[in-house]
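Dock the two chains into a complex; use the hints.
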Amino acid sequence: MLHKLNRFLNGETYFASVARFVLSFGSLLIIWQILTATVVTNRLLLVPPFEVFRAFMDEIASGEMWNNAQATVFAVGTSFPVAVLVGVLMGVVLASSRAISLMGGPMLSALNSVPIIALAPLFIAWLGLGFASKFVLVLLVAVFPVVVTTEAGLRAADKNLIETARSFNATRLQIFTTVTFPYALPFIVSGVRVAWARALVGIVVAEFFGSFAGFGFAVMAASQTFDTATLLAYVIVLGGMGLIGSVIFQSLEERLAPWRKA
Amino acid sequence: MAQSMNDEHILEIDNIGKTFRRRDDTDLVALDDINLKVKKGAFISIVGASGSGKSTLLRIIDGLLEPNGGTVKVNGKTVTKPGKDRAMVFQNDSLLPWKTVIQNVAYGLTLAGVKWRDAAKTAQGFIDLAGLSGFENQFPHQLSGGMRQRVNVARGMAVDPDILLLDEPFAALDSQTREIMQTELLRIWQQTGKTVLLITHQIDEAVFLSDEVVVFSARPGTVRERIPVPLARPRNLDIKRSIEFVGLVDQIWKLIEEEVKAAAKT
Ligand SMILES: Nc1ncnc2c1ncn2[C@@H]1O[C@H](COP(=O)(O)OP(=O)(O)O)[C@@H](O)[C@H]1O
Ligand SMILES: [Mg+2]
Chain C
1 MLHKLNRFLN GETYFASVAR FVLSFGSLLI IWQILTATVV TNRLLLVPPF EVFRAFMDEI
61 ASGEMWNNAQ ATVFAVGTSF PVAVLVGVLM GVVLASSRAI SLMGGPMLSA LNSVPIIALA
121 PLFIAWLGLG FASKFVLVLL VAVFPVVVTT EAGLRAADKN LIETARSFNA TRLQIFTTVT
181 FPYALPFIVS GVRVAWARAL VGIVVAEFFG SFAGFGFAVM AASQTFDTAT LLAYVIVLGG
241 MGLIGSVIFQ SLEERLAPWR KA
Chain V
1 MAQSMNDEHI LEIDNIGKTF RRRDDTDLVA LDDINLKVKK GAFISIVGAS GSGKSTLLRI
61 IDGLLEPNGG TVKVNGKTVT KPGKDRAMVF QNDSLLPWKT VIQNVAYGLT LAGVKWRDAA
121 KTAQGFIDLA GLSGFENQFP HQLSGGMRQR VNVARGMAVD PDILLLDEPF AALDSQTREI
181 MQTELLRIWQ QTGKTVLLIT HQIDEAVFLS DEVVVFSARP GTVRERIPVP LARPRNLDIK
241 RSIEFVGLVD QIWKLIEEEV KAAAKT
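Residue numbers (the working numbering), protein chains in the order written: chain C, 1 to 262; chain V, 1 to 266.
So here's chain V without its partners, still in its complex pose (with noise of 0.2 Å):
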């Protein structure tokens, strides 16, 4: 307690292993002892081969899933269920259809319990950070997919969680409007100064966002390497045709590279 809040690890990950069975009864190690601290505020990606485990880490971490072994530990305490101080956002912009914009952003409130007076007047808040203002009353079928993802983060962001688990937000996504979110993601994040857990298959978005990309090694599972990345804040477009910025996405590139033939050939 006596340590400054900035130092402090808000999410530790100890030993973590998940075994799926599958429906043959043989067992697939998606996990396999993962190791990760978080600090308070960071921004952290997570970047592997699909079917490393990635997904499968988020929903333990957002206490979806149980895991094998190890533990999750938010702000100290064991996760064993979903709680106020994390929030999801998945791939598949998961909007309720028949509510509106605001309804959808006001969801997780509503669900705790807020009035919906308070809940509308937070998500409004949130509704304007995202850019939605002027959609409050539309419904997701009426939107860009773009627009459905940014409704998707206001929601997940309303419940004002300490971390916000990202699984492949803007992969739906075409390249012109990812590149548009993921300067919004760095905007909302640098305004809120939430803690970030995002996982991504573009090596060049997990640079652009991050304070440190994890690579994660081919099924199963684990921390292959941590990539820290040193450029200032804060960012913008430019920086992805510095000389820095690409030798770091080379350098992430290379590691899955051979990771992925390490895996073909067992």
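Bound-form chain C, shown alone (with noise of 0.2 Å):
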């Protein structure tokens, strides 16, 4: 019985995969349900399941998810594409030259370590609270991993079948577009969804402090006012902006390169 139960949880079926899904996040409810019957009992720590969801569904019911909601989504909605493009486009540059290569990429490599995020007061203070300063600050963190995994897969690109599209009398732009991007498309796409969780990341960060709605401002506003319960209702709604990403940029990788697998 739990041999068969088992096995079809390690299956690759739609079914086993949602049963998994299920399975961890019920025990995570448990869990938390438990802990917060016995060991935190304090409620400005913690506060069981059931008062996050109805911390949750009044945010709803207020109108305050959804204004929000909406600040949030916008800023990363604009500037989350725009690190993409920015990020793929760098990365082309960087490929295509040995020199830009070696100049840009130190440079690069260092203000990749720097936290930026530490950087967040000081945009702030220059762009001011609102949409700029989280367009900005998301754009910087989301940029980097898109630019890196964008020049290791054109540079990654199969020696072979350059050289057979050159064979054929291919031009630079045709080997471009039919073999290194293609190539390079699933690495740039894992970079987007490191990419996808800084954002998030940033975003938040950007929303602390430097705004009037958002994501981020609410878990800033909710634990002011020591309201634990909707506190974790939004970061769970930010939890699932992560995951919902995750999902979509992984599936998305997997099925640019499915000789992978193979």
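No lab work stands behind these hints: they were computed from the structure. Hints should not be assumed to be uniformly reliable.
[What the hints assert, rightly or not] Computed cross-link-like contacts, PhoX-like style, restricted to lysine-lysine with a CA-CA straight-line distance of at most 25 Å:
hint	chain 1	residue 1	chain 2	residue 2
1	V	84	C	159
2	V	84	V	121
3	C	159	V	81
4	V	40	V	81
5	V	240	V	254
6	V	121	V	99
7	V	77	V	37
8	V	40	V	73
9	V	99	C	159
[Said to hold, decoys possible] Not the full set, but computed from the structure, chain V residues with beta-carbon under 7 Å of chain C:
hint	residue
10	62
11	64
12	82
13	88
14	92
15	94
16	97
17	108
Cβ atoms here follow ideal geometry from the backbone N, Cα and C, with glycine treated the same way.
Pasting the structure below:
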């Protein structure tokens, strides 16, 4: 019986993956419930799942959830695509020339290792509270993973495939569009997946300090009124955004490179 | 021009030399003064120890690599870059993994600007010729090694080159699949009348397929010997057991062995 269940859960079927999700999510809820009932009874620190759900519904009823969602989704929805586009373009430029890569590479990795998040207060001082500072911060944190994976993907392109294209008299542009870029696409998508997680951190931090609406703002506001249930409700919404992005980009990656699995 | 086409040399290789600069700035002479003339419609094989510059020569003929000296002429025109008159088939089935069989076979045509509908029609013809009917919409990773190599050859044929250059196309296949591919290649060659230049390290493959086997010396590669293969055509696998065939294979073996031994001494 247990053996059978185990086999089912290890399976590749759609039902198995749904079952895995329900099981892990369910156990999390149970552990959470037990924790709030036994160990962490201080409601300022942790509230039981049901209260979080109620806070979530309250936020929806009051329209706050919608307000905050609009602010956050608009900011991420505009800056993230720009970050991806800029990242891909920069990656293409870096991969196209050894000299540029040698000059720009170290600078980029230096910039990349700076915790840009820490510069959030500075951006807010420069750009003011609201959309502009969010846009720039998300752009800056999300762009690097895309640059790095784009360049790496383009450089990794199979030399034999490039030579084949050359032997068919392909132009440089044709080699790019038919060989190196398709080869790099799954790499790029994996960079986009990392960038998405970073963008969410970026937006939350920007909204902590620099806005009047948004999920980050709501988390901050709730924490200042010791409303742990509402705080957790927003954190879970953010977690959902992260998860959805991750699942989408992961499946896109697999769809773009089915030959890698085989 | 007044000459009959059959007597014309479609490929003329004159004094080709190639020296590579190694990482440590020393020179590596890969090819030394190669001369070779090939008649239109001929099937020529090149055999030789590994590292003797066979692939290098094929790349030069295809225009992928510039020689240090000498000229390659195809149909009387000096080669400076890849062109429509030549197509290369590499050992590793260098198929685009994100393209289907028919898209891969049509690849050279689409690069040349042929409209997809026409390219697909031509590609379909070569897919049928290569025995790949029914696999048009499969991806390379769904095919066996032998099938992939058929796609690879079909892709080369599809651009309708005058000369087909094959660099150890069957080396990665098991011996049974290889024999099947050899007879298939013969059939396709006979049906299309292309000139074929094949590199192989399988001597029996070279003898079975070719009108002439060119034996390379060990590095630096030079033409050590040209062995005509007077076996009647059409050939089937049975001739591999004939005394003539075995004798030719033996003769070529000895030449290569001598070369390898001589190279080991120096
Ligand atoms: N791009 C290159 N740079 C440096 N050396 C090379 C290059 N290509 C081939 N060689 C060298 O030239 C020699 C001949 O190589 P190749 O033509 O591949 O031989 P074969 O195909 O007969 O095995 C080898 O020693 C190889 O290492
Ligand atoms: Mg070789």
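Of all the hints given earlier, name the ones this structure violates by number, lowest first. none
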